[in-house]
Every structure is written in structure tokens, then in C-alpha cells.
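Novice: Whole structure, please, built from the sequences with the hints as guidance.
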Amino acid sequence: MRARLATTVGGAAATVSRLAGKGDGSVIGGIIGLRLQPDLLSLLAAGRQVVLVTGTNGKTTTTRLITAALSPLGHQIASNIYGANMEAGLTAALSRAPHAPIAVLETDEKYIPAMVKATNPRVVVLLNLSRDQMDRAAEIWLLARRWREALGAAPGCRVVANADDPLVAWAAGAARQVTWVAAGQRWRDDSWCCPHCGAHLEREDDDWSCRECTNRRPPVSWVLTGDQVIDPSGRARPLELALPGRANRANAVVALAVADAFGVGIARALAELRAVTSVAGRYTQVNRRGCDIRLLLAKNPAGWLEALDVLAPPPVPVLLSVNAQGPDGRDTSWLWDVDYRRLRGRVVLVGGERRLDLAVRLEADEVPFRLVADIDQAVDLAGAPQLEVLANYTAFQQYRAVLGRTQ
Amino acid sequence: MTSLRLVWIYPDLLSTYGDRGNALVLERRARLRGLPTEIIEVNSDQRVPPDGDIYLMGGGEDLPQTLATRRLQADGGLLEAVGQGAVLFAVCAGYQMLGMEFGGAEDQPVAGLGLLDIRSGRGERRAVGEIVADVDPALEVPRLTGFENHQGVTRLGPRARPLARTTLGTGNGDGTEGAYAGRVLGTYLHGPALVRNPGLADLLLSWAVGPLPPLPPQAEELAQRLREERLAAVAG
Numbered sequence: 287m288r289a290r291l292a293t294t295v296g297g298a299a300a301t302v303s304r305l306a307g308k309g310d311g312s313v314i315g316g317i318i319g320l321r322l323q324p325d326l327l328s329l330l331a332a333g334r335q336v337v338l339v340t341g342t343n344g345k346t347t348t349t350r351l352i353t354a355a356l357s358p359l360g361h362q363i364a365s366n367i368y369g370a371n372m373e374a375g376l377t378a379a380l381s382r383a384p385h386a387p388i389a390v391l392e393t394d395e396k397y398i399p400a401m402v403k404a405t406n407p408r409v410v411v412l413l414n415l416s417r418d419q420m421d422r423a424a425e426i427w428l429l430a431r432r433w434r435e436a437l438g439a440a441p442g443c444r445v446v447a448n449a450d451d452p453l454v455a456w457a458a459g460a461a462r463q464v465t466w467v468a469a470g471q472r473w474r475d476d477s478w479c480c481p482h483c484g485a486h487l488e489r490e491d492d493d494w495s496c497r498e499c500t501n502r503r504p505p506v507s508w509v510l511t512g513d514q515v516i517d518p519s520g521r522a523r524p525l526e527l528a529l530p531g532r533a534n535r536a537n538a539v540v541a542l543a544v545a546d547a548f549g550v551g552i553a554r555a556l557a558e559l560r561a562v563t564s565v566a567g568r569y570t571q572v573n574r575r576g577c578d579i580r581l582l583l584a585k586n587p588a589g590w591l592e593a594l595d596v597l598a599p600p601p602v603p604v605l606l607s608v609n610a611q612g613p614d615g616r617d618t619s620w621l622w623d624v625d626y627r628r629l630r631g632r633v634v635l636v637g638g639e640r641r642l643d644l645a646v647r648l649e650a651d652e653v654p655f656r657l658v659a660d661i662d663q664a665v666d667l668a669g670a671p672q673l674e675v676l677a678n679y680t681a682f683q684q685y686r687a688v689l690g691r692t693q
Numbered sequence: 074m075t076s077l078r079l080v081w082i083y084p085d086l087l088s089t090y091g092d093r094g095n096a097l098v099l100e101r102r103a104r105l106r107g108l109p110t111e112i113i114e115v116n117s118d119q120r121v122p123p124d125g126d127i128y129l130m131g132g133g134e135d136l137p138q139t140l141a142t143r144r145l146q147a148d149g150g151l152l153e154a155v156g157q158g159a160v161l162f163a164v165c166a167g168y169q170m171l172g173m174e175f176g177g178a179e180d181q182p183v184a185g186l187g188l189l190d191i192r193s194g195r196g197e198r199r200a201v202g203e204i205v206a207d208v209d210p211a212l213e214v215p216r217l218t219g220f221e222n223h224q225g226v227t228r229l230g231p232r233a234r235p236l237a238r239t240t241l242g243t244g245n246g247d248g249t250e251g252a253y254a255g256r257v258l259g260t261y262l263h264g265p266a267l268v269r270n271p272g273l274a275d276l277l278l279s280w281a282v283g284p285l286p287p288l289p290p291q292a293e294e295l296a297q298r299l300r301e302e303r304l305a306a307v308a309g
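So the sequences go chain by chain: P and S.
For the first sequence, counting from 1, position 64 maps to 350 in this note's numbering; every step adds exactly one.
For the second sequence, counting from 1, position 191 maps to 264 in this note's numbering; every step adds exactly one.
Heads up, a few of these hints could be off.
[As the list claims (entries may be wrong)] With beta-carbon atoms standing in for the labels, derived distance ranges:
#, chain 1, residue 1, chain 2, residue 2, range
1, S, 116, P, 499, 15 to 23 Å
2, P, 663, S, 286, 35 to 43 Å
3, S, 182, P, 513, 48 to 56 Å
4, P, 499, S, 180, 20 to 28 Å
5, S, 180, P, 663, 26 to 34 Å
6, P, 528, S, 75, 51 to 59 Å
[To be verified] Reference listing, derived: stretches of chain P covered by chain S, where coverage requires no fewer than 3 residues with Cβ under 8 Å from a Cβ of chain S:
#, segment
7, 470-482
8, 522-531
9, 620-627
I should point out that these hints are in silico values taken from the structure, not numbers from a laboratory.
Positions of the beta carbon are idealized from the N, C-alpha and C atoms, including for glycine.
Specialist: Here it is, written out as C-alpha cells:
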């Protein structure tokens, strides 16, 4: 009864928040509900099949893809589709869908231990782990250790993990049941050394092993290779996603592995994944004054590395935009971890509240650029029918607000 | 002349957030003055060459910091280079490693490299945010602007001098920030500390190669604008 009352009051607060124009109301309801009933999340999760999705990059997209891949089951699925991924966000997502037997929940990396305990998940998805917003996030070796301890203490859950990321593999290695996915690892600057003993890792292509202890890449059952997925039976299929980029292909293979754990046939799940075209505004195409603008979001060095791969080839101009508000991390040091030299030879525009930080960075990489105050000036200076926009979190949201929240 | 050799120590263990920036800034400012420059990245499974001109050490988490210290002690290349008068610039975890001891995982004291007369331990609170500090006038470097993110508290012994006095932020924890002795210099400004402090970059270069001609103003413009923007933003 208390759970019912807490969710009802929380739901009312969410409605007020939406009416007041303060976000989508997905967090405020959860916060109030939790205040009335601190174990509300456990009560709401009880009896449901919960999937927790975490990692530094790709959480929102993978959560969306898993939700799509599970849709052939025909059940209602609770999910925090707006990316509110801490305890209040998860609570709100479950209370919005009280009768959904399945929940797919994006979860902040730091909250995994507490959320594993609270929701007793059937599946935990570990995508990747790399440096991100160091001014507020935990150090990543420490984070991997906490994941490892939490998963070791949760014998009932299956972990779906990227075997190609040594930190992730070490964390998942403590779990009783693991489905290993060869999802690739583009960014390697956080995993040259063994998270178990600290020795330098032997790395060749995607394989890795420690020179001094027994830690090594586990044998995989799902593989991403080029645009193909190889399933545990060894059968290869083309992915042919609408979403662009290697990182999204990796996310899709993970989603297929989760769908398989729920008994959804691969062909049916894959058909659902192909129909996903945009996730919370990411990859959206918008026309502004005759220019087709595509919005890409990336928040940290690993994300920028993958996003730079996705950019349409020259001569399509590129607008890079960086802010350093709270959700972005207030420290712009990470800009120096990204290699921008491949942008040489194309029109590069630089915007956002911290555009001078980015300008100095590009100057060091000898990438010519022009500073712009806003998206319209970028469109004018680009002088092209197409513009690729790569922005970090709040910079992306600002452009989205200007361009209209079209999906 | 032969190239200026910038040796970046253990990017595989000591590079948490943009540490590459320091090597890139030194390289650019040397090249703009006609000095051929090479960056040598030395991973923790490689020997540290003793014949570099400027050595760079970045930040790191507790375990990598302890591992890197043990390897540098066993390797000996860095200690030899500094003994021969090479320049050493270290930030954050690297700064602590230069000292007599620092606090490792669970704050157990770990013996440092003994290159600076400092001792570090763990403080009560994590210091995270913008930092501004006025540099020792003897060094003739404009005030420092940067970002700190550490939980260290550092005390200087008689053989080290404070690099600066903080006007914003925490630094060493006693109103001072960083330390130097001879050509060894460390700071809590983390990551790409030289980006917003080209004066400090030039100090390190001049220690290695002698007096430097000024750069043409247009080569300095963006870095100066960034510096002014950051100093103005925290002065608010």
C-alpha cells in the first residue's frame, strides 16, 4: 500500500513538473516517491524481469535497442527512455509502467552496485568503460572493482559483457553466468594495463592477455565483424542498421545477445533493431534554411573517437561544439585526449560555450577552423547543403532546442 | 642541432585526462622558435631513455601511481636523467610521485622517487575545480590558471620551494601550490596544465635550451584569449 501511495504521489509530482515545463518529469516523481518509501525501487522491481544497461558510452542507445529487440515478446516494457539513469530515474520508469513484466533500465556506472542489489536483475549489460567527466565520475579502475564485487554477490543474474574491453571483462569475470560478446574496442587508452595486477597487457587486434597473471580475453559467443553479427551457432548475418557507426553495430550485437537470453529469435530481434532510426534526438536530421543538419552526440574521448568515424566524408563541413556545464563535466582537459588531425582539409567550425578551449586544441593539431556563435552562423559559414554537428551533452541539447525537438 | 627530446613517461599508466596536452604545447612552442622537437612516448614495459631533455609525467589513479613509481625506481633511467640536469615536469599523481612519499591505496605510505623534498598524504575532502595561483616571483611566470582534481595534501621540506600561492582552489592544501627544486617542477594543476599557462611551458623550455625569443603575437592569441576567459570566469 505504501508503494502504491508513494508512486501515486510521485506520479502527480511528475505531472506538475511536466506542466511547469521543467523537463519530462521523469526524475521528480522518483525523488518524491523515494522520499516517502526509501525501498520503493525494490518494491517496484519485485516480480519483474529487469535488464540493467551500463557503460561509459552507448547506454541510452543500447537501452533503446534492447527494448526494441524484446518487443516481439508482446509484453509492455518499462524503460527510462529519457536517460534519467540514477535511482530516482529508474524508480520513475518503473512507477510509470506498474504492470510491465519486463524493465530495460539504463543505469549510471556508479549506481550499478546499488541498483543490482535493489532490482535483482535477470540481466546486467556491461558495454565499455573509459575516462569520462573525471570531475564528478569515479576513477575507472575503482569503478571496475565495484562492478566486480557487486556482480560476484549477485549469483542469479546473467551478465552480457564486452570481452574486448579488458576492464569490463575483468569486472564481469566475477559473475556466475556471462555471455561474452566480441563488441570491439576503438578507444584503448584506458586499458593498456591489467586491471587485476597492473602489468602491461599483450594486445594484438582485439585479443589481449596479461603477461604476468592469468587474466586474458575470455572466449566469446557473439561476434561483431564489419557489418556482420556472428551468433553462438556460428551463423553470420548482416546487421544493416539505420543507425550509423561501428559503436552502434556493437550496441546492436549486445542487444541481440540480450534478446536471445529472453528467447527472442535473432531474425525477429534484428528486424526490430533495423527499424530504430534515432534515439533521443541523436542522429536526427533537421533542415535549417536549406541546410541538412545531422546531430551527433559524444561526451568523452572514446565517444568522440567513435563519432569522428561516423562523420560524412569531406567536403561536408563539420561543426564541433563543446560546453562544460555540470552534466558535461566542468573540466575540458579531455579535449586533449582526442586526435583531431583527420579533420585537416575540411571546413571545421567551432562553437559552444567552451569554444576557445577547443580552438586552442585544434590549433595544436594544425586543424584550420572558424569560431561561430550559434548554429545559424555555422550554417552561413558552412555554405553547403549539408552540415555534420558533433556536440557534447548540453551543447547538443541547446542545438536541439533551437532546431526543434523533431525526432 | 639535434632535436629537443620530450619524453612522456608511462602514458599507459599515467594519463588520466588530457595529459598529452603538455607534450603538444611544448612541441608547438619549441617548433615555432625553430627548434626541431620529437615526442618520445615510453610505456611502462619500456626502458626510460636517460638522454631526454624534458620529461613529462601525468596523473593516475592510486594503483597505477604505485605501480609506476616502483617501475621507475627499478628502471633508473629517469633518476639518471634528472641527476644529469634534465628538466622534469609532473602533474597531480606524477607530482606526488616525485616526493619522498605519498599515500597509496587506503592511504598506506608509499616511498616516492625522492626527486623533490615533498611528502604527500590523503586529505579530508577531494579538491575539484578551477585553481588560480600566483607564481614565485623568482620564476617570472604569470599567474597559473588550471583545473585540479585530487585528494592529496602535500607538505614541502626545506629543499623544495613552493611553485605558487593559491588565490583560488586548494593546491598543496596550505595556501601554496606545487613545488620546484633545480629543474624539477610539479603541480596539482592536472592534465594539460601548460595549455593555459604558456609562460610555464616557456620556463621549462628555457631550462632545457636557454633563453628563448618571444613568439609572434598571432601565435599566442588564442591561448591568451583562453587564459583571460578562464581567469575572468572565476573572478566573477
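Novice: Checked against the structure, which of the hints given earlier come out wrong?
Specialist: As far as the earlier hints go, 5 and 8 are violated by this structure, in ascending order.
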